[in-house]
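Chains D and Z are the protein sequences, given in the same order. Take 1 as the starting number for the first sequence in the working numbering and just add one per residue. Take 300 as the starting number for the second sequence in the working numbering and just add one per residue.
Don't read these hints as lab results, they were simulated from the structure. Check each hint, because a few of them may be wrong.
Said to hold, decoys possible - Just the calculated beta-carbon pair ranges, DEER-fashion:
(1) S332(Z) to D148(D): 30 to 36 Å
(2) G287(D) to G340(Z): 33 to 39 Å
(3) D258(D) to D447(Z): 34 to 40 Å
Unchecked claim - Some residues of chain D that are not near chain Z, with every Cβ distance over 12 Å (derived):
(4) A10
(5) L60
(6) R106
(7) D148
(8) R176
(9) G206
(10) P279
Ideal placement from N, C-alpha and C gives every residue a C-beta, glycine not left out.
Next come the chains, spelled out residue by residue.
Number of protein chains: 2
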Amino acid sequence: MTHFADRLSAACRDRGNALCVGLDPRWDALPDSLRARHADGTLAGVARAFEDFCLRVVDLVAPLVPVVKPQSAFFEMCGPEGMLALQRVLRRATARGLLTVLDGKRNDIASTAAAYADAAFAGVTIDGATHPVWDADALTVNPYLGRDAVEPFLRSARRSGKGVFVLVRTSNPGARQFQDLDCGGKPLFLHVAEAVRSWARESVGGCGLGDAGAVVGATYPAELAALRAAMPEVPFLVPGYGAQGGGAADVAAAFRPDGSGAVVSSSRGITCAFAPDEPAWEDFVEGATRLAIADLARR
Amino acid sequence: MTHFADRLSAACRDRGNALCVGLDPRWDALPDSLRARHADGTLAGVARAFEDFCLRVVDLVAPLVPVVKPQSAFFEMCGPEGMLALQRVLRRATARGLLTVLDGKRNDIASTAAAYADAAFAGVTIDGATHPVWDADALTVNPYLGRDAVEPFLRSARRSGKGVFVLVRTSNPGARQFQDLDCGGKPLFLHVAEAVRSWARESVGGCGLGDAGAVVGATYPAELAALRAAMPEVPFLVPGYGAQGGGAADVAAAFRPDGSGAVVSSSRGITCAFAPDEPAWEDFVEGATRLAIADLARR
Numbered sequence: 001m002t003h004f005a006d007r008l009s010a011a012c013r014d015r016g017n018a019l020c021v022g023l024d025p026r027w028d029a030l031p032d033s034l035r036a037r038h039a040d041g042t043l044a045g046v047a048r049a050f051e052d053f054c055l056r057v058v059d060l061v062a063p064l065v066p067v068v069k070p071q072s073a074f075f076e077m078c079g080p081e082g083m084l085a086l087q088r089v090l091r092r093a094t095a096r097g098l099l100t101v102l103d104g105k106r107n108d109i110a111s112t113a114a115a116y117a118d119a120a121f122a123g124v125t126i127d128g129a130t131h132p133v134w135d136a137d138a139l140t141v142n143p144y145l146g147r148d149a150v151e152p153f154l155r156s157a158r159r160s161g162k163g164v165f166v167l168v169r170t171s172n173p174g175a176r177q178f179q180d181l182d183c184g185g186k187p188l189f190l191h192v193a194e195a196v197r198s199w200a201r202e203s204v205g206g207c208g209l210g211d212a213g214a215v216v217g218a219t220y221p222a223e224l225a226a227l228r229a230a231m232p233e234v235p236f237l238v239p240g241y242g243a244q245g246g247g248a249a250d251v252a253a254a255f256r257p258d259g260s261g262a263v264v265s266s267s268r269g270i271t272c273a274f275a276p277d278e279p280a281w282e283d284f285v286e287g288a289t290r291l292a293i294a295d296l297a298r299r
Numbered sequence: 300m301t302h303f304a305d306r307l308s309a310a311c312r313d314r315g316n317a318l319c320v321g322l323d324p325r326w327d328a329l330p331d332s333l334r335a336r337h338a339d340g341t342l343a344g345v346a347r348a349f350e351d352f353c354l355r356v357v358d359l360v361a362p363l364v365p366v367v368k369p370q371s372a373f374f375e376m377c378g379p380e381g382m383l384a385l386q387r388v389l390r391r392a393t394a395r396g397l398l399t400v401l402d403g404k405r406n407d408i409a410s411t412a413a414a415y416a417d418a419a420f421a422g423v424t425i426d427g428a429t430h431p432v433w434d435a436d437a438l439t440v441n442p443y444l445g446r447d448a449v450e451p452f453l454r455s456a457r458r459s460g461k462g463v464f465v466l467v468r469t470s471n472p473g474a475r476q477f478q479d480l481d482c483g484g485k486p487l488f489l490h491v492a493e494a495v496r497s498w499a500r501e502s503v504g505g506c507g508l509g510d511a512g513a514v515v516g517a518t519y520p521a522e523l524a525a526l527r528a529a530m531p532e533v534p535f536l537v538p539g540y541g542a543q544g545g546g547a548a549d550v551a552a553a554f555r556p557d558g559s560g561a562v563v564s565s566s567r568g569i570t571c572a573f574a575p576d577e578p579a580w581e582d583f584v585e586g587a588t589r590l591a592i593a594d595l596a597r598r
C-alpha cells in the first residue's frame with residue numbers, strides 16, 4: 001500500500017502539474033444540450049445531467065491533471081439519486097487514473113465520524129465483509145470539534161493509503177471572523193495548523209509529506225506563506241484559484257521549495273468557462289484546463 | 300408561516316417534555332429480527348434495515364416526544380440507498396407530527412452552503428420549480444468558516460420557517476482543544492456563542508427565541524450555564540444526554556427560567572436500550588423513552 005502523499009506527489013510529477021479540477025455542477029451553467037437531454041422536471045433528471053457532465057469532464061481532464069475534487073453539496077442537493085451520481089463520478093475518476101478528493105467538510109464526534117470516514121475511505125464493514133461506498137483518495141474535514149473527532153478520519157484513511165485535508169484557512173471573505181481570532185498571540189488558524197502538522201508527522205511518506213493535509217484558500221496569500229512555513233510536512237489543498245480571485249502568484253507560496261507539497265483547485269474557472277449554448281463546450285473545458293495549467297506553471 | 304422557535308416551543312408544550320430522540324442506527328445494535336429480515340450481504344440491505352428500524356422508532360415515539368434527530372452519517376454510510384432511507388425517515392417523522400433536526404454538521408463557502416441549505420430546508424429550485432429534498436425542520440451547522448458561510452443556511456431556513464443549530468460547544472472529550480482556546484480573555488466557544496446570539500436576534504419568534512440555535516453538549520454542565528446566560532434568545536440543542544454521560548441535573552442549566560429554550564437529545568440510551576435478541580424490543584424503546592422523559596422532568 002503506497003502512502004497517500006507519495007501517491008499525490010507521483011500523480012503531480014506524472015502529469016507535470018498540480019492542478020485539481022473541482023467538480024461543482026450547477027444546473028444553470030450546464031451545456032444546453034445536456035440540460036435538454038436530461039430535464040424531466042425531477043431532481044433525478046438533474047442528477048443524471050450532473051453525472052453525464054462530470055463524467056465527460058473527468059474523461060477530458062484525466063490525461064491532463066492529477067486530481068479531481070467533487071463537491072458533495074451539489075450531488076446531495078439532488079437527493080439519493082445525486083449521491084448515486086457522486087458515486088459513479090468518483091468511480092470513473094479512479095478508473096481514469098485520477099486521484100479523488102471528496103469535498104464534504106465532514107465532522108462529528110468519534111463514533112459518528114467513523115461512519116463518515118469508513119464511507120469515504122476504507123469501506124463499511126458489515127458482518128465481516130467490507131463494502132466500498134465513496135472510495136475517495138481524500139476527504140475534506142472540519143477541525144472545530146478537535147483531535148478526537150478528526151482521529152476516526154485519520155484512522156480510516158491510514159488503513160487504506162488515503163488522506164484527509166483539514167480546513168485551516170478557508171477561501172471565503174468571512175473566514176476571518178473566527179479563524180483570525182487572536183488566541184494567545186496567534187490566530188486560531190495557526191493553532192489549527194500546528195495541530196494538523198502534528199497529525200501529519202505521525203505518518204510521513206517517502207516524499208516527506210504526511211497524510212494529514214490542510215485546506216488553505218488562495219484568496220489569502222500572506223497567510224498562505226506563513227502556513228507553508230508553519231507546516232513543512234503538510235500537503236496543501238488550495239481552493240479559491242480562478243473564479244474566487246486567487247491567481248498564480250497568490251498560490252506560489254503554497255509550494256515547497258522543490259515545487260511539491262500543494263494541489264491548487266479550480267472549479268468554476270474550468271467547468272463554467274463556456275456559454276450554456278456553446279456546442280463545442282468540451283473544447284472550452286479542455287482549453288480552460290490547459291490555460292490553468294500554463295498559468296500555474298508561471299507562478 | 301409559523302416561526303421555527305414558536306413551532307419548537309409549541310411542540311414541547313404539547314408533548315409536555317423537551318426530549319429529542321436521536322436516530323443513529325447501528326447494524327450491530329439492531330434487533331436480530333430486523334437484521335435477519337434485511338441482511339442480503341449488501342449495503343442496500345443495511346439501508347433497508349435502518350429504514351425499517353427508524354420508521355418503527357418514529358411511530359413509537361411520535362406520541363411521546365416533540366423532536367427526532369436523524370444522524371446523516373449512518374445513512375450516508377450506506378451510500379445512495381442510505382440517503383433514500385434518510386429521506387423516508389424524515390418524511391415519516393414529519394407525517395407523524397414530529398419536528399426533525401437533520402444532524403449533518405454541514406458547512407461550506409456561500410454558494411456551496413446554499414446547495415446544502417436548500418436541500419435541507421426550502422427545497423431545490425430548478426427551472427422555476429421547487430423540489431423538496433430532506434425537508435427537515437432544522438439542520439446542525441459548523442461555524443468554523445464564519446458568518447458568510449452560515450448565512451445561506453439562515454436564509455434558506457428563514458424562507459421556510461425552519462432553523463439552524465450551530466455547533467458552539469460539542470459533547471466530545473476533545474472539544475476543548477480548539478473551542479476552549481483563550482481569545483482575548485474569552486474561550487473561542489463564547490465568541491461563537493455571541494455570534495450565534497446576534498444571528499438569533501435577527502429573527503425572534505413570539506416565544507422570545509430566535510431561529511438560530513446552538514448545539515451545546517450535556518457533558519460540559521458548567522459551560523452550559525455560562526452559555527445559557529450568554530445567549531438568552533437562543534434555542535439549545537443538547538446532545539450527550541444518556542450514553543455519553545450527561546444526566547438530568549447536568550442539562551438543567553440549558554433551559555430558561557420558564558422551562559423553555561432547549562431540547563435534550565438521547566440516541567443510544569433509547570435506540571440501543573435492548574439486547575439484539577430481545578423480541579419485545581419495541582417495548583424497550585418505548586420504556587426507555589418514557590424513562591428519559593421522567594428523568595428529564597426531575598431536573
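Practice problem: Look at the Cβ atoms of S332(Z) and D148(D) and judge whether their distance stays inside 30 to 36 Å. | Solution: At 35 Å between Cβs, range holds.
Quiz item: L60(D): least C-beta distance to chain Z exceeds 12 Å?
Solution: Holds: least Cβ distance 23 Å, greater than 12 Å.
Self-check item: Non-interface claim for A10(D) versus chain Z (Cβ beyond 12 Å)
Solution: holds, 29 Å
Quiz item: R176(D): least C-beta distance to chain Z exceeds 12 Å?
Solution: For R176(D), whose nearest Cβ neighbour in chain Z is about 7 Å away, the distance does not exceed 12 Å, so it is violated.
Quiz prompt | Closest CB of chain Z to the CB of G206(D) still more than 12 Å away | solution = Label holds. Min Cβ-Cβ 30 Å, cutoff 12 Å.
Exercise. For G287(D) and G340(Z), compare the CB-CB distance with the range 33 to 39 Å and indicate the outcome.
Key: violated, 46 Å
Practice problem: May I ask you to check that D148(D) keeps its beta-carbon over 12 Å from the closest beta-carbon of chain Z? | Solution: Label violated. Min Cβ-Cβ 3 Å, cutoff 12 Å.
Practice problem: Just double-check P279(D) for me: nearest Cβ-Cβ distance to chain Z has to come out over 12 Å. | Solution: Given a closest Cβ separation of 21 Å, the condition holds.
Quiz prompt | Outcome of range test on Cβ distance (D258(D), D447(Z); 34 to 40 Å) | solution = holds, 36 Å
Self-check item: Given as non-interface: R106(D), partner chain Z, CB spacing beyond 12 Å
Solution: Contrary to the label, R106(D) does not stay out of reach of chain Z, its closest Cβ about 8 Å off (not over 12 Å).
Consistency note: the structure conflicts with the earlier hints numbered 2, 6, 7, 8.
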